[in-house]
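J.: Single-letter residue listing:
Number of protein chains: 2
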Amino acid sequence: MNETIKMMLEHRSVRKFKDEALTAEQIEVIVKAAQSASTSSFIQAYSIIGVTDQEKREKLAALAGGQSYVAETGHFFVFCADLYRHSLIGQWDGADVNDSLESMEKFMVAVIDASLAAQNASVAAESMGLGICYIGGIRNHLDEVSELLGTPEHVIPLFGLTVGVPDQETAVKPRYPFKTVYHENTYQSDEEAVRSELEEYNDVISSYYHQRTEGKRSDKWTEQMAGMLSRKSRMYMKDFVEKKKFARK
Amino acid sequence: MNETIKMMLEHRSVRKFKDEALTAEQIEVIVKAAQSASTSSFIQAYSIIGVTDQEKREKLAALAGGQSYVAETGHFFVFCADLYRHSLIGQWDGADVNDSLESMEKFMVAVIDASLAAQNASVAAESMGLGICYIGGIRNHLDEVSELLGTPEHVIPLFGLTVGVPDQETAVKPRYPFKTVYHENTYQSDEEAVRSELEEYNDVISSYYHQRTEGKRSDKWTEQMAGMLSRKSRMYMKDFVEKKKFARK
Numbered sequence: 001m002n003e004t005i006k007m008m009l010e011h012r013s014v015r016k017f018k019d020e021a022l023t024a025e026q027i028e029v030i031v032k033a034a035q036s037a038s039t040s041s042f043i044q045a046y047s048i049i050g051v052t053d054q055e056k057r058e059k060l061a062a063l064a065g066g067q068s069y070v071a072e073t074g075h076f077f078v079f080c081a082d083l084y085r086h087s088l089i090g091q092w093d094g095a096d097v098n099d100s101l102e103s104m105e106k107f108m109v110a111v112i113d114a115s116l117a118a119q120n121a122s123v124a125a126e127s128m129g130l131g132i133c134y135i136g137g138i139r140n141h142l143d144e145v146s147e148l149l150g151t152p153e154h155v156i157p158l159f160g161l162t163v164g165v166p167d168q169e170t171a172v173k174p175r176y177p178f179k180t181v182y183h184e185n186t187y188q189s190d191e192e193a194v195r196s197e198l199e200e201y202n203d204v205i206s207s208y209y210h211q212r213t214e215g216k217r218s219d220k221w222t223e224q225m226a227g228m229l230s231r232k233s234r235m236y237m238k239d240f241v242e243k244k245k246f247a248r249k
Numbered sequence: 001m002n003e004t005i006k007m008m009l010e011h012r013s014v015r016k017f018k019d020e021a022l023t024a025e026q027i028e029v030i031v032k033a034a035q036s037a038s039t040s041s042f043i044q045a046y047s048i049i050g051v052t053d054q055e056k057r058e059k060l061a062a063l064a065g066g067q068s069y070v071a072e073t074g075h076f077f078v079f080c081a082d083l084y085r086h087s088l089i090g091q092w093d094g095a096d097v098n099d100s101l102e103s104m105e106k107f108m109v110a111v112i113d114a115s116l117a118a119q120n121a122s123v124a125a126e127s128m129g130l131g132i133c134y135i136g137g138i139r140n141h142l143d144e145v146s147e148l149l150g151t152p153e154h155v156i157p158l159f160g161l162t163v164g165v166p167d168q169e170t171a172v173k174p175r176y177p178f179k180t181v182y183h184e185n186t187y188q189s190d191e192e193a194v195r196s197e198l199e200e201y202n203d204v205i206s207s208y209y210h211q212r213t214e215g216k217r218s219d220k221w222t223e224q225m226a227g228m229l230s231r232k233s234r235m236y237m238k239d240f241v242e243k244k245k246f247a248r249k
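In order, the protein sequences belong to chains A and B.
Counting in my numbering, the first sequence runs from 1 upward without gaps.
Counting in my numbering, the second sequence runs from 1 upward without gaps.
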């Protein structure tokens with residue numbers, strides 16, 4: 001197994017960073033690595049906003065639910081789905097691009113593009129010895145986040161990525177068993193098979209929490225999910241996305 | 001610059017592969033690397049289908065618009081947004097999870113999760129000396145693709161990833177200038193600034209095509225985009241996504 005893969009398999013989110021800002025060169029390398037990811041039909045439907053202004057970072061940390069590692073970090077990136085440039089091109093060229101821009105398909109393209117870029121950024125950062133954590137919490141209040149970052153229509157801030165020098169040791173969290181996530185030729189939807197696989201996985205996850213918390217926690221994964229999903233969250237999102245002119249058609 | 005980043009910066013899509021199937025071990029390592037990516041609140045809202053059946057591969061190649069490198073490849077993965085397991089958990093636990101599962105927010109979570117995993121798979125494959133190409137073309141006909149792969153409600157095949165031993169040399173395609181993709185603190189939406197950056201970028205792209213085709217092509221990027229976006233494509237997607245119980249609320 002090569003060094004790149006070893007490093008990827010050791011990924012864990014980092015939520016405490018040393019007080020050490022990323023250099024301009026580090027930021028540039030991370031962004032260039034992000035840009036090297038594949039992009040659908042060369043559309044490059046994303047932008048990256050780097051937040052260095054400490055006041056903005058603190059506001060974002062609060063909007064994301066009080067996650068201090070948004071403000072106290074080496075750097076804070078926000079990845080945005082972005083068809084704004086494409087909307088301008090339509091105007092300049094007199095091309096009728098609105099149905100495309102407002103289609104569910106192009107919304108998916110933009111979200112996928114931004115995510116591929118972000119994961120390249122993450123791998124690049126980790127290969128430099130830095131730690132990362134995705135911040136989906138910015139989606140708690142996208143109206144405020146958009147206003148803070150000045151994003152226009154055709155742009156949606158999707159998630160943050162906090163990057164810095166790790167100041168904590170965390171454990172790798174066990175994922176689904178291979179057979180649960182990987183299916184050959186046909187999707188395995190048999191309910192009893194899924195149930196037995198997830199029961200097996202519950203044992204793995206319970207042991208992981210038990211060990212990590214010296215016996216204080218032993219949550220099952222299925223219980224975590226049932227709890228999380230029975231709380232409605234960010235139900236304003238459909239209106240927000242459509243207001244920003246995505247996924248309307 | 002370390003080896004991992006160097007490799008990422010050299011990424012280019014590969015569309016011709018040697019007739020050499022990936023080993024079971026290679027597939028397992030790629031899938032495990034995919035799973036090591038971050039996942040929103042540990043939801044793991046995706047699945048990966050590996051297609052080894054040659055007849056299915058050929059059907060997928062045809063559905064994707066006649067892309068032969070879907071059938072003639074080392075391995076073909078399909079990445080799916082997947083909340084099917086979560087819907088079962090809701091039933092088993094008697095938890096009311098439907099509003100969550102059908103929310104735009106959770107649709108975005110699933111698309112982002114699947115994309116982060118796929119990009120890790122891509123980087124892992126390339127670190128092993130393999131080549132990759134994303135196949136968005138499977139979204140041309142998702143009804144047929146879903147039927148072929150047996151995906152139920154709460155599952156959407158998002159894109160394929162063809163992986164194999166490269167049998168061609170291709171060039172790295174220049175991305176947006178750094179200042180176009182990366183904004184500091186505030187999104188730069190000034191129309192004249194965008195226009196002048198994209199004109200600069202058009203020159204880069206024209207030269208790239210000119211050189212690569214011995215003068216036969218010199219497309220500008222903005223023209224490519226205006227052309228592509230003025231053709232409506234996959235306008236059935238919103239209905240399909242909603243039929244699969246995503247992004248309805």
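No lab work stands behind these hints: they were computed from the structure.
Glycine included, each C-beta is placed from N, C-alpha and C at the ideal position.
Careful, some of the hints might be misleading.
[Said to hold, decoys possible] Ranges between beta-carbon positions, derived for each pair:
(1) A/G65 - B/W92: 39 to 47 Å
(2) B/R231 - A/E242: 20 to 28 Å
(3) A/S41 - B/R195: 16 to 24 Å
(4) A/P152 - B/R231: 18 to 26 Å
J.: Next step is simple, just say for each hint if it's right about the structure.
T.: How the hints compare with the structure:
At roughly 29 Å, the beta carbons of A/G65 and B/W92 sit outside the given window of 39 to 47 Å. One distance hint, 20 to 28 Å for the beta-carbon pair B/R231 and A/E242, holds here, with the actual separation near 23 Å. Checked against the hint of 16 to 24 Å, the C-beta distance between A/S41 and B/R195 comes to roughly 22 Å, which is consistent with it. Between A/P152 and B/R231, the C-beta spacing of about 25 Å keeps the proposed range 18 to 26 Å intact.
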